[in-house]
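Engineer: Spelled out, the chains give:
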Amino acid sequence: MGYLRLAHSAPPAPTPESACLAAFEGEIDYLFTTLKRLGAAPHEIEDLAQEIFVVLYRQWRTLDTDRPIRPYLFGVAFRILYAHHRRRTREVLCADVDADDGALSPEGSLQSKQTVALLMAALQRLPVSRRAVVVMHDLDEVPITDIARSLAITRFGAYARLRKGRRELAAAVRRLSKGEARI
Amino acid sequence: MKSHIPQADPELDVLLEDGRVIPRVSEVVRARSLSRARATMAAMAVIPREPLSSVRRRSLTIALAASLAMGVGAAVATAALRGRVPSPSQPAPPAVLHTQRPMHTLDVPPSRPSIVPPPAVTARPQRWAHPATAQESYAAELDLLARAQVAYAAREFADVLARVAEHGRKFPNGRLAEEREALRVRALEGSGRTEEAHRAAATFADRFPRSIMLPRLSREPR
Chain A
1 MGYLRLAHSA PPAPTPESAC LAAFEGEIDY LFTTLKRLGA APHEIEDLAQ
51 EIFVVLYRQW RTLDTDRPIR PYLFGVAFRI LYAHHRRRTR EVLCADVDAD
101 DGALSPEGSL QSKQTVALLM AALQRLPVSR RAVVVMHDLD EVPITDIARS
151 LAITRFGAYA RLRKGRRELA AAVRRLSKGE ARI
Chain B
1 MKSHIPQADP ELDVLLEDGR VIPRVSEVVR ARSLSRARAT MAAMAVIPRE
51 PLSSVRRRSL TIALAASLAM GVGAAVATAA LRGRVPSPSQ PAPPAVLHTQ
101 RPMHTLDVPP SRPSIVPPPA VTARPQRWAH PATAQESYAA ELDLLARAQV
151 AYAAREFADV LARVAEHGRK FPNGRLAEER EALRVRALEG SGRTEEAHRA
201 AATFADRFPR SIMLPRLSRE PR
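Residue numbers (the working numbering), protein chains in the order written: chain A, 1 to 183; chain B, 1 to 222.
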């Protein structure tokens, strides 16, 4: 029996590479959702997630893994997406929004699906900077200080964006609910 | 702290509640993303050392090539003024060239007698040698190749090949080895030894796949 204990007593120590990959795997759902919330087109999400992984892997050795990783990942996702959007025109962004609005079709059976689709459509109406704060605070439930740190803005700036973003989001939801954007 | 945060709209609260759910990515997409991440990781594990060394090497090569070109230019100008380039020392007669294969860059003297050299006397400079020795060896390399360039400018290809062979013997892995081998290809081509030039160009491409001289060399033997 001793040999059995010996065989199980020395698990291989995780290398930084395997730890990084495990972290990416653990947060892949979150990353895809975050990219979608931030307005990435469905066909771009996989590539953008890979870009996030490259950043994560490069910074892994200097990353404080004792802290929650999601705010960090959100900050990376936000910057990558923002840079990506800057390469494209704003009009393309709006075109994507209209395309996504198709999720609000009447044949959507589940109400929760409809509400999520409505929320996503409304979020796309917000400017990226305010959308990021609203998503982080109201969906990811990240404290405002961590949001400010992740997005490299002041706390008051984060509060201001949240306040204005929420107003815009509520207005967008009302407009979409009334069917102004559709039919 | 909380007082700074505005109350969310109650209608909005319902939406946000549903929106907090993080759906699971499909297994296919997950597997594909992880596979790509592994591939990225494998590629990046190789890349970090390579670009640094290649960039440094390339910049060094360019600097050396520029300095060599300047030296050669000055020598050619002097030669043009004096009519003929004097060759103060001629250690390797052209006859030696034919006894050696041109592309043996790492060739050592063929038969070394069984006399063990004394340890204090080193036959060639080592990488860990004194810095002054390294500078001297570089100066000697540059001098030798500059003369070879002058000979090439005068279209004396046998002389070029002799000097290139001498450089190859003295500094098989010297800092100007790339320039030497390029010059060898061009000299072989110039002397009409096309087959050997092709072989030398192929060996050059194997040894220096990222050389800035490679495109030109691969065109020249045609």
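Treat the hints with caution; some may be incorrect.
[To be verified] Restraint ranges, calculated between C-beta atoms of paired labels, are given here:
1. A205/B <-> A19/A: 38 to 46 Å
2. P23/B <-> K178/A: 21 to 29 Å
3. I22/B <-> D64/A: 30 to 38 Å
4. P143/A <-> L214/B: 36 to 44 Å
5. P14/A <-> S35/B: 16 to 24 Å
6. A154/B <-> T15/A: 56 to 64 Å
7. V28/B <-> A171/A: 35 to 43 Å
8. R61/A <-> G192/B: 56 to 64 Å
9. T145/A <-> I22/B: 35 to 43 Å
10. T15/A <-> E17/B: 55 to 63 Å
11. Y82/A <-> E195/B: 25 to 33 Å
12. A153/B <-> R61/A: 36 to 44 Å
Note that these hints are calculated values from the structure, not bench results. These numbers were taken from a predicted model, which means no experiment stands behind them. We treat Cβ as the ideally placed atom computed from N, Cα and C, and that holds for glycine.
Engineer: Give me the numbers of the hints this structure contradicts, sorted from smallest to largest.
Structural biologist: Violated hints: 3, 4, 9, 10, 11, 12; rest satisfied.
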